[in-house]
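Asks: If you want the building blocks of each chain, they are given just below.
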Amino acid sequence: MVQEVAILGVGMHPWGKWGRNFVEYGVKAAEDALKDAGIAWTDVQYVAGGDTIRNGYPGYVAGATFAQALGWNGARVSSSYGACASGTQAIEAARTRILAGLCDVALVVGADTTPKGFLAPNKGTRGDDPDWLRFRVLGATNTTYFGLYARRRMALYGATSEDFAQVKVKNAKHGLTNPYARYRKEVTAEEVLSSAMVANPLRLLDICATSDGGAALVLCSMEFARKHTANPVRIAAISTVTPVYPSNVIEMPNFSTDSAAAVPLPAIPFRDSIAHAAYEEAGIGPDEVNIAEVYDLSTALELDWYENIGLCPAGGAEKMLRDGDTTIGGRVPVNASGGLACFGEAVPAQAIAQVCELTWHLRGQAGARQVAGAKVGITANQGLFGHGSSVLVKR
Amino acid sequence: MKTRVPAVNGWLNIDPAHPRLIGTKCSNCGSVFFPRETTRCRNPRCGSSALVETELSPRGKLWSYTGAEYQPPEPYVPRTSPFQPFAIAAVELAAEKMVILGQVVEGVKVGDLKIGQEMELTLDTLLEDDETETITWKWKPVAAGSQA
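If you read the sequences in order, they're chains A and B.
Residue 372 in this note's numbering sits at position 372 of the first sequence; the count goes up by one each step and never skips.
Residue 87 in this note's numbering sits at position 87 of the second sequence; the count goes up by one each step and never skips.
In case anyone wonders, no lab produced these hints; they're calculated from the structure.
A few of these clues could be false.
[To be verified] Derived DSBU-like pairs: lysine-lysine, alpha-carbon spacing no greater than 30 Å straight-line:
#: 1; chain 1: A; residue 1: K123; chain 2: B; residue 2: K2
#: 2; chain 1: B; residue 1: K114; chain 2: A; residue 2: K319
#: 3; chain 1: A; residue 1: K116; chain 2: B; residue 2: K109
#: 4; chain 1: A; residue 1: K319; chain 2: B; residue 2: K61
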């Protein structure tokens, strides 16, 4: 078991398609997190930014960009990129600095402004960049990979399009009253099943949108936290694992899996290893988890995550869903926020937003979507190029 | 006659009589890489620099598949206007124990495919201009009864 850090404050800017500068969303989220923590910006000793690659230079140096926008206060700074896992990389940078005793209080911020439509590689011709090549040679978008996983799940476990649709129905219901969600509307299975086919078997309403949004956390040492609150939500573990060779699941943006011809497959596949590492670090088991926020880039992918984070054995996710286990009021609600289904993805903010959501539930502040009695929560996410991402929180 | 060039240099043999993906193999541990790895074997317990070119098996089993129903963004270049949807296959090669992506040949729709079926490598045009024809690989279902 490692030492814990406290989540003293959380804040978000509502997700949407606002079309404004990403810095604005980050600043708003940061202001809310500071206010929630009850500290001043000038008290912050370290700023960790999650990078966006779609907004020019300020996005690459996000930590400094937010620090400048809040008013230079001399804080140490870092900027992290790990694709969809960027937020967790930033949280981990702040946590390790606190645990090393190099600072008491840190601000983590991620925000993005995203263009409409498929996420595309950066401009220019780069014949040695696999992300460029997969679009050029294969016409493989991100949804291509989601489609491959979904079809595989159908073949292995008998998942149906109706099951996938029911994930969307559940998440749409969960997000109805979430003030930070972009889509707050009930969706029926029929609407999902009649929406346009995008990446067979996945339809438009099976796949998450891309959004603008911002999220922030104030993290601090347990000693610092005790001066402000008696019982803070704590980070018990963070996993930022990479795969172990040979990894046998085709991952964005790759053309192939590793070959297992010479080296046997690892005992724990990559997706399972992400949460596994967090559980090991915290000394907490999946049976103790009351609430989870997982990365539902597609409806089918949410089902994969149930198994990857140990909520059920492989092939058990459809039953969990059908039994209502993952609906609010069930055994372990998943994506009580409404998930990416209701948010759409704001890449560097998303993993931070997952932690904001869990924090509200563990404090009993989640309003109409509150998961009763939540004490332990886990997030799971994955960034392309092999970035595992999982945060375990408890109170 | 246009000049035929591979979609990516060194990735495939574009001889119509012998279409093959070209990877590399580690002479020390036997690990296979596609796309080609030329600097260091990625087996973390090996790390050898003795990587030699190797042709990959031209057949494998369909691991999964999907379809691109909407035109992908640049740098994808559509072959037709309007855009025609196409299928994408992930094929598992038995000897190499790896899965390799590729577009599925024109005329084969998502609904025609079944996980586990035998697929074989073939060549097709990716891009074309007045002088050059850029050749890529595609996966094609093996016709029932054909010889391996």
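Asks: Failing hints, ascending?
Replies: none
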